[in-house]
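Here the protein sequences come in this chain order: A and B.
Just so you know, the first sequence maps onto residues 1 to 425 in this note's numbering.
Just so you know, the second sequence maps onto residues 1 to 301 in this note's numbering.
Heads up, a few of these hints could be off.
As the list claims (entries may be wrong) - Result set (DSS-like, lysine-lysine): computed pairs, CA atoms no more than 27 Å apart in a straight line:
1) K9(A) <-> K400(A)
2) K123(B) <-> K9(A)
3) K234(A) <-> K28(B)
4) K128(B) <-> K9(A)
5) K400(A) <-> K234(A)
6) K269(B) <-> K224(B)
7) K163(A) <-> K74(A)
8) K28(B) <-> K220(B)
9) K178(B) <-> K28(B)
10) K224(B) <-> K209(B)
11) K220(B) <-> K257(B)
12) K19(A) <-> K128(B)
13) K171(B) <-> K123(B)
14) K73(A) <-> K108(A)
15) K89(B) <-> K234(A)
16) K89(B) <-> K171(B)
17) K89(B) <-> K19(A)
18) K219(B) <-> K171(B)
19) K209(B) <-> K178(B)
20) K224(B) <-> K246(B)
21) K123(B) <-> K19(A)
22) K73(A) <-> K90(A)
23) K257(B) <-> K216(B)
24) K9(A) <-> K89(B)
I should point out that these hints are in silico values taken from the structure, not numbers from a laboratory.
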Amino acid sequence: MRKIWLVLKREYRAHVMTKSFVITTIAVPLVIVGMIVFQAFLNTSKPAHVERIAILDLSGNLGPSVADALTQKKLANGRPAFDVEEVVEKPADEQRVRQRLDERVRTKEIDGILLIPAGALSGKNPEFLVNNPGVFEVMDTLNQAVSQSLITERLRNQGIPAKALKSIVRDVDTQLVRVTAEGETEEKGQTFGVAIGMTVILYAALLMYGVATMRSVLEEKTGRVMEILVSSVKPIYFMAGKILGVAAVALTQFMIWVIAASLLAGYGIAMARSFNPSLTGITLHIPTSLLVYAVIYFEAGYLLFASLYAAVGAMVSSEQDAQQAQMPITLVVVAGFMMFGTVMRDPNSSLSIALSLFPFFSPILMILRIALQTPPFWQIALSLGLLAGTTVAVVYGAAKIYRVGVLMYGKRPSLVEVLRWLRYS
Amino acid sequence: MEAVRVENVTKRYGQVTAVSGLDLVVRKGSLFGLLGPNGAGKTTTLRMLLRMLVPDEGNIQLFGEPLTDNSQNLTGYLPEERGLYPRMKVRDNLVFLASLKGISEAEARIRAHSWLERLELGKWADHKVIDLSKGMQQKVQFIAAIIHNPPLLILDEPFAGLDPVNATIVKDLMLGFKDQGTTVILSTHRMEQVEMMCESICLIHAGRKVLDGELKAIKKSYGKNTLRMEFEGDGNFLDLPGLIEKVNHYGEVVEAKLCPGADPQEILKLAIQRGVRVNRFELVEPPLNDIFIERVSQDHA
Numbered sequence: 001m002r003k004i005w006l007v008l009k010r011e012y013r014a015h016v017m018t019k020s021f022v023i024t025t026i027a028v029p030l031v032i033v034g035m036i037v038f039q040a041f042l043n044t045s046k047p048a049h050v051e052r053i054a055i056l057d058l059s060g061n062l063g064p065s066v067a068d069a070l071t072q073k074k075l076a077n078g079r080p081a082f083d084v085e086e087v088v089e090k091p092a093d094e095q096r097v098r099q100r101l102d103e104r105v106r107t108k109e110i111d112g113i114l115l116i117p118a119g120a121l122s123g124k125n126p127e128f129l130v131n132n133p134g135v136f137e138v139m140d141t142l143n144q145a146v147s148q149s150l151i152t153e154r155l156r157n158q159g160i161p162a163k164a165l166k167s168i169v170r171d172v173d174t175q176l177v178r179v180t181a182e183g184e185t186e187e188k189g190q191t192f193g194v195a196i197g198m199t200v201i202l203y204a205a206l207l208m209y210g211v212a213t214m215r216s217v218l219e220e221k222t223g224r225v226m227e228i229l230v231s232s233v234k235p236i237y238f239m240a241g242k243i244l245g246v247a248a249v250a251l252t253q254f255m256i257w258v259i260a261a262s263l264l265a266g267y268g269i270a271m272a273r274s275f276n277p278s279l280t281g282i283t284l285h286i287p288t289s290l291l292v293y294a295v296i297y298f299e300a301g302y303l304l305f306a307s308l309y310a311a312v313g314a315m316v317s318s319e320q321d322a323q324q325a326q327m328p329i330t331l332v333v334v335a336g337f338m339m340f341g342t343v344m345r346d347p348n349s350s351l352s353i354a355l356s357l358f359p360f361f362s363p364i365l366m367i368l369r370i371a372l373q374t375p376p377f378w379q380i381a382l383s384l385g386l387l388a389g390t391t392v393a394v395v396y397g398a399a400k401i402y403r404v405g406v407l408m409y410g411k412r413p414s415l416v417e418v419l420r421w422l423r424y425s
Numbered sequence: 001m002e003a004v005r006v007e008n009v010t011k012r013y014g015q016v017t018a019v020s021g022l023d024l025v026v027r028k029g030s031l032f033g034l035l036g037p038n039g040a041g042k043t044t045t046l047r048m049l050l051r052m053l054v055p056d057e058g059n060i061q062l063f064g065e066p067l068t069d070n071s072q073n074l075t076g077y078l079p080e081e082r083g084l085y086p087r088m089k090v091r092d093n094l095v096f097l098a099s100l101k102g103i104s105e106a107e108a109r110i111r112a113h114s115w116l117e118r119l120e121l122g123k124w125a126d127h128k129v130i131d132l133s134k135g136m137q138q139k140v141q142f143i144a145a146i147i148h149n150p151p152l153l154i155l156d157e158p159f160a161g162l163d164p165v166n167a168t169i170v171k172d173l174m175l176g177f178k179d180q181g182t183t184v185i186l187s188t189h190r191m192e193q194v195e196m197m198c199e200s201i202c203l204i205h206a207g208r209k210v211l212d213g214e215l216k217a218i219k220k221s222y223g224k225n226t227l228r229m230e231f232e233g234d235g236n237f238l239d240l241p242g243l244i245e246k247v248n249h250y251g252e253v254v255e256a257k258l259c260p261g262a263d264p265q266e267i268l269k270l271a272i273q274r275g276v277r278v279n280r281f282e283l284v285e286p287p288l289n290d291i292f293i294e295r296v297s298q299d300h301a
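Extracted from the complex, chain B is given alone in its bound form (with noise of 0.2 Å):
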C-alpha cells in the first residue's frame, strides 16, 4: 500500500518554480530518501505533505486519501530548521506540539515523561528549552515529532548537529518506528547515510524528478562498473585513458570508474606489471554520491 501517492505536483512562487511536474509514491513501511542538491525543492515538497503549503497543480494522497486539514495529524516532521519556544519548559513545549496534533493533554503529558526518561532528560522536563545544550534540544526536537506515533514520519536533515552518540541514538530510534510499521521519509545530501538505511530513493532537481525508484536497482541499473581497490605503491597506473573514466580517493581506498566495456583484468594486470601490490580488487557498483553528483551535472549540461 501507499503512504504518499504525489501525482504531477507543481508549485511556484511568483515567477519561480519551485517543484514542477512531480510524481512520487512511497511504500507504507518504506524508508524512503528524498534527495537533492540545495534549492532542487525538497523543502517545498515536504511541506506540501504537511499541508503547510497547497500545490499549484496537480494532488497528493496520504494512505489513500487526499490531504485535509486532518490529515495534519497523520505526519510528525522534524524541520531542517529547528525550532521551539524558548522560554517554554520542554514538558509544556511537548505537550503543546502534542495536543496540537490531537493527543489529549493528559496523554501528551505521560508521553512526554516516559519519552524524555528514555531519551536521558527526565531531569530537564521542567527547565526553559533556552537552558538546554543543542544537543538536548535537537532530542526534545526529535521528540516533537513522534510523539504522537505519527504513521508518516518526515526527517529534514536529521543528523545535522548531532554528536555521533547522539546521532546514533536518533538513527536508532528512526529504525525502530520503521520496524513497527512507520512510512519515514528521510531528506538529506547525506549519501553515505541514504545509502546504509533508505530502500527507496527519489532525487530531485531544479524541482524535477531525475531519479527514482528502490536503491539497489538503481544502483543495479548502473551494473558493477566501479573497482574498489586497495594498493601499496605508485598510484599513478591508474592513469589509464580508454579504461578508467575518473579516479575518486579516499585514503586507503580508492574507487576507479570504468570506461564502458573496459575489462577490469586488463588493469590488474597493468598494475602488476607497475610493481604494485594489490591488496584489494573488488567489482562494485557506484556509490551513490557518484550517482547523485553525475546526474545532478548531466541535468545542468
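Looking at chain A on its own, in the form it has when it is part of the complex (with noise of 0.2 Å):
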C-alpha cells in the first residue's frame, strides 16, 4: 500500500511539473472559449443575410397583406428576415414580367421570387423561385408568413371584422419547459448544453489521459528504469499507483478548470445583469445527481480504459509500435462517442438502452441519457454493475499483460502471444 502511494505521488509530480501540463491547463479553456466565441460570432453574423424577394401574385388580392406578414418577421437579432423589393399583382402581360424577375434572380439582384397562384385562396401552393438552393433555412419563416396572410383573407372573406382578425391570427412562441424530480425549469437548451458539454469532457478525458498512461508507461520501459522498478514493487501495485497518480493530475486539472470557469461565469453573469437587469431567468442547473454520477463513471470508465493503455504501454517498446497497438482501444472510445447523436434523439430507445450498458460505452453515453432524462434507476445500476465487473476483469488481464511485458523488448508481440502472456503464472 505504502508503495502504491510512493508511485502515485511520484508519477503526479512527474506530470504536474511538466511545461506540457501547464500548456494544456491554460491552453485547453482558451481553445474552448475560442470555439464557442467563434461560433457565436458565426450565428450572430450569417443570419444576417436578409432575403431580398419580389412578389408575383397572380390571384391580385394577397401580395401586400403578405409582404406585410413577411416584413414582420424577424431575425434573432431584431433585424426583418425579409426585404421585399417589389410587389407586382395580377400582371398584364404575365410571361414577360415573368422573364423579367428571372432575369433578375439570375443576377443575383434579388434572392427569389414568391409566385402566389390564381387559386393561392383555395388551396393551390405557392412557389418559391430561386438560384440558390440553400434557403431551406428560411422555408419555415415564410410558409408561416404566407399561410397567415392566407387565413387572414379566409376568414375576411366569411365575413369575420377586420378588427378581430387580428387577435385571431397570432404568432405564438411555445415556451420549453423541463420537467424533472426537482420540479419544472424552463428550458432555453441548458440541459442539452450541460449534456453535450458533460459528454464531451468524459470523452476528451479518457483520450487524454488514457494515452498519457500509455506513454508514462512506455517511458519508463525505454527508458529502462522499468527493471529497477519491478525489483523493488510488484508490477499490479506499480500499475495501481501510476493509474491514480494519472487520475490524480486528471482531477487536479478539472479542479483548476471549474473553479475558473465558474469564477469566470459568474463575473460574466454579473456583468451581464450590470447592462441588462432583466438577465435573470438564465439558470444554469447542473442537478448534484449528475455531477455524483459524472463522477462515478468517469472514474469506473477512466480505470477500465486507462488499465487498457497501461498494458499497451507495456507491451510494445516503441513510440511507433505503440500508436498501432493502441488504435483499437482509441477506436472504441471514439465509437462510443459516435453514438452520442443516436442516444441524443431517443434516449429511451431500446438501442439506446442497450448502447448504454455496454461497459466500453455507458461512461460517456449513459452519462448523456442521465444529463438528458434520467433513466431508470435499475438501468444505472445495472450499467454500473457491468462496467464494474468488466474493469475488475480488464485490470486484472492488463496487470498479467504488463506484467509480463515491461521485461520484453523488441518486436512488437502478436495478439496470440499477448493472449499467452494472461496464461502465465
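Two chains, two frames, some hints: make the complex.
Shown next as C-alpha cells:
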C-alpha cells in the first residue's frame, strides 16, 4: 500500500511539474472559449443575410398582405428577415414580367420570387423560385407568413371583422419547460448544453489521460528504469499507483478548470446583469446527482481504459508500435462517442438503452442519458454493475500483460502472444 | 548460513525453457559468480531471485525464508540494462528508488547525499539524470542498488561501460560491502574478474547448471595441467602432439594445456634442445576462461 502511494506521488509530480501540464491547463479552456466565441460570431453574422425577394401575385389580392407579414418576421438579431423589393399584382403580360423577374434572380439582384398562384385561396400551393436552393432555412418563416396572410384573407371572406382578425391570427412562441424530479425549469437549451458538455469532457478526458498513462509506462520501459522498479514493487501495485497518479493529475486539472470556469461565469453573469437587469431568467441548473454520477462513471471508465492503455504501453517497446497498438482502444472510445447523436435523439429507445449498458460505452453514453432524461435506476445500477465487473476483469488481465510485457523488449508481440501472456503464472 | 537456496527451479516462456531444473546455493557473506554464455538463463535466474518472475516449478529461499513481496526489500539490483528516470533529478531518482525499498524518504535523502558526496557526484544532485555523463549515470545507478543496505546485492555486468578509474571505484565498493557481510552475486562474462574476486561460481548453459562449487576446488579438480611460460626464441617447439593439447598465446606469456599424463620435464628438455631461452616455466591450474570454454563446448557436443 505504501509503495502504491509512493508510485502515485512520483507519477503525480512528474506530470504536474511539466510544461505540457501547464500548457494544456491554460490552452484547453482558451481553445474551448475560442470555439464558443467563434460559434457565436458565426451565429450572429450569418443570418444577417436578408432575403431579398419579389412577390408575383397572380391572385390579385394577397400580395400586400403577404409582403406585410414577411417584413414583420424578425431575425434573431432583431432585423427583418425579408426585404420585399417589389410586389407585382396580376400583371397584364405575365410572361414578360416573369422573364424580367427570372432575370433579376439569375443576376442575383434578388434572392427569389414568391409566386402566389391564382387559386391560392382555394388551396393551390405557392412557389418560391430561387437560384440558390440553400434557402431551406428560411422556408419555415416563409410558409408561416404566407399561411398567416391566407388565413386572414379566408377569414375576411367569411365575414369576420378586420378588427378581430389581428387577435385571431397571432403568432405563438411555445416555451420549452423541462419536467424533472426537482420540478419544472424553463428550458432554453441549457440541459442540452450540460449534456453535451459533460459528454465531450468525459470523452476527451478518457482519451487524453488514457494516452498519458500509456506514454508514461512506455517511457519507463524505453528508459529501462522499469527493470529496477519491478525488482522493488509488484507490477500490479506499480500499475495501480501509476493509474491513480494520472487520475489525480486529471482531477487537479479539472479542479483548476471548474474553479476558473465558475469564477468566470459568475463574473460574466454579474457583468451581463449590470447592463441588463432583466437577465435573471437564465439559470444553469446542474443537478448534484448528475455531478456525482459523472464522477463515478469517469472514475470507472478511466480505470477501465487506462488499464488497457497501460497494458499497451507495457506490450510495446517504441512510440511507433504504441501508436498502432493503441488504435483498437481509441476506436472503442471514439465509437462510444459517435453514438452520441443516436442516444441524444431518443434516449429511451431500446438501442440507446443497450448502448448505454455496454460497459465500454457506458461511461460516456449513460452520463449523456442521465443528463438528458434520468433513466430508471435499475438501468443505472445495471450499467454500473457491468462496468465494475468489466473493469475488474480488464484490470486483472491488463496487470498480467503488464507484468510480462514490461520485461519484454524488441518486436511488438502478436495478439496470440499477448493472450498467451495472460496464462503465465 | 545460506543467503540463497534455489531448488529444482524451472522457468519457461511459452515453448522456450529459459531455466531448467536449476539448483543453487549461495553462502551468506560470499561473493558468488554466476557465469554463462549469452542466453544461458543468467538474467532469468536473477529475475527470479528478485521476484520479478515467478518460477514455473521449484522453489527459492532467501536467508532461509521463502520469497514473498517483502523479500524485494532484501535485495539490491544493478541491472545489465541501466535505467533511471532521465528527466528527474539525480537526488529525486535515488530517494524514490530507495523509498520503494522501504527506506523513509527523510532517511533516503540523507543517504543519497552522503553517497553522492562519497562518489564525487555531490554537485550533480540537483541535475537531471539526462545531463550526466554515462560514467556518472552508472555510478548513480550503483548507488540506487545499494542505498538501502541490502543483505543481498545482485550485480549484472557491473563493470560494463566503466572506465578503469570508475571500475576500480565500483570494485572497491563491492568488496567493501562483502567485507561488511553483504552477500554479492555477480553475473558476468568477464572471467578474469570472477577469477580475482569470486569465491564460488556457478556456470550455467542453456538453462542448466554445468558446473558449480568453490572456485579453488573447481580449479584443483582440473589439477595443475597447464604450463605458463615466458621464453625467447621460436615458439613452434610447442607443436608437440601427444604432449601438448592446446596453446594460448597472450603476447609475452604462453599457456599450454598438457595432454593427460604428459611430463612437463619432457617439454622443458625439448625447449632447451631447440635453443629456446626459457625465462619462466610454471605449472598452474587452468584459467577459468579455459574451463568455461571447455565446459560449454562439451555441453554443445
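Hint by hint, here is what the structure shows:
no.	hint	result
1	K9(A) <-> K400(A)	23 Å, holds
2	K123(B) <-> K9(A)	26 Å, holds
3	K234(A) <-> K28(B)	26 Å, holds
4	K128(B) <-> K9(A)	18 Å, holds
5	K400(A) <-> K234(A)	11 Å, holds
6	K269(B) <-> K224(B)	19 Å, holds
7	K163(A) <-> K74(A)	24 Å, holds
8	K28(B) <-> K220(B)	23 Å, holds
9	K178(B) <-> K28(B)	10 Å, holds
10	K224(B) <-> K209(B)	24 Å, holds
11	K220(B) <-> K257(B)	15 Å, holds
12	K19(A) <-> K128(B)	15 Å, holds
13	K171(B) <-> K123(B)	23 Å, holds
14	K73(A) <-> K108(A)	22 Å, holds
15	K89(B) <-> K234(A)	24 Å, holds
16	K89(B) <-> K171(B)	26 Å, holds
17	K89(B) <-> K19(A)	16 Å, holds
18	K219(B) <-> K171(B)	23 Å, holds
19	K209(B) <-> K178(B)	25 Å, holds
20	K224(B) <-> K246(B)	15 Å, holds
21	K123(B) <-> K19(A)	25 Å, holds
22	K73(A) <-> K90(A)	25 Å, holds
23	K257(B) <-> K216(B)	18 Å, holds
24	K9(A) <-> K89(B)	15 Å, holds
Violated hints for the displayed structure: none, as all numbered hints are satisfied.
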